[in-house]
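> Each chain, written out:
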Amino acid sequence: AQSVTQLGSHVSVSEGALVLLRCNYSSSVPPYLFWYVQYPNQGLQLLLKYTSAATLVKGINGFEAEFKKSETSFHLTKPSAHMSDAAEYFCAVSGAGSNYKLTFGKGTLLTVNP
Amino acid sequence: ETGVTQTPRHLVMGMTNKKSLKCEQHLGHNAMYWYKQSAKKPLELMFVYSLEERVENNSVPSRFSPECPNSSHLFLHLHTLQPEDSALYLCASSQDSRGSAFFGQGTRLTVV
Chain L
1 AQSVTQLGSH VSVSEGALVL LRCNYSSSVP PYLFWYVQYP NQGLQLLLKY TSAATLVKGI
61 NGFEAEFKKS ETSFHLTKPS AHMSDAAEYF CAVSGAGSNY KLTFGKGTLL TVNP
Chain Y
115 ETGVTQTPRH LVMGMTNKKS LKCEQHLGHN AMYWYKQSAK KPLELMFVYS LEERVENNSV
175 PSRFSPECPN SSHLFLHLHT LQPEDSALYL CASSQDSRGS AFFGQGTRLT VV
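If you read the protein sequences in the order shown, they are chains L and Y. Here my numbering is used: the first residue of the first sequence is 1, the next is one more, and so on. Here my numbering is used: the first residue of the second sequence is 115, the next is one more, and so on.
If we strip away everything but chain L, and leave its shape as in the complex, we get:
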């Protein structure tokens, strides 16, 4: 079985501030982990993914995430928020025992204040 918990359904930051979106996972096998972003009335766009290579993963738009096995975490960060980063962010996990099944968290809505 696998699951994802995103801490905080809504995060608000000022433009230029650090963005930190939290994700903890549960998986009985080594996981693949993903972060997706969804803009209003759009589908999901892949930001980055971890597939058991480097634990620090760099994605698009200046985002990165670090896989920490001891903490079962995969938090998403960006050093300096832009207004265009305002969107909903989803963490997801894929396990070897659940072919084709991505399990998503409930999402975190990021607001960026001027």
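Hints listed in this document are in silico derivations from the structure and should not be mistaken for laboratory results. Treat the hints with caution; some may be incorrect.
[Stated by the list, open to error] In silico lysine-lysine, DSSO-like type, Cα no more than 27 Å apart, as pairs:
| id | chain 1 | residue 1 | chain 2 | residue 2 |
| --- | --- | --- | --- | --- |
| 1 | Y | Lys133 | Y | Lys150 |
| 2 | Y | Lys155 | L | Lys101 |
| 3 | Y | Lys136 | L | Lys101 |
[Unchecked claim] Restraint ranges, calculated between C-beta atoms of paired labels, are given here:
| id | chain 1 | residue 1 | chain 2 | residue 2 | range |
| --- | --- | --- | --- | --- | --- |
| 4 | Y | Asp210 | L | Pro114 | 40 to 46 Å |
| 5 | L | Pro114 | Y | Glu166 | 46 to 52 Å |
| 6 | Y | Arg222 | L | Glu15 | 28 to 34 Å |
| 7 | Y | Ser179 | L | Ser28 | 31 to 37 Å |
| 8 | L | Gly62 | Y | Lys132 | 41 to 47 Å |
Glycine is no exception: its CB is placed at the ideal position from the N, C-alpha and C atoms.
Chain L is already provided as a structure; the job is to place chain Y on it using the hints.
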């Protein structure tokens, strides 16, 4: 040309209507998915097709009927829906069973 294209983008239908959602992927992927996204709920996987065979059906009511005629096309046939079926329906594709999923822009369905 976008990787995964869904039509229509918006659909309003009555509870007695029959309609279909269409998804087309131009990425050469082997697997295609239907997800349902309702307000304040996690994304729900509905169906998965791999090489045109259904490999996952997450206890979806029979009023939703998928069809995958080839690896590039996926349909979701709808009939006698309920108002609670109103949601954003997302199609996705991936290269393999653990690969990154690429999503379409979704169909916003409203059942009246």
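> Check each numbered hint from earlier against the structure, then list the numbers of those it violates in ascending order.
none
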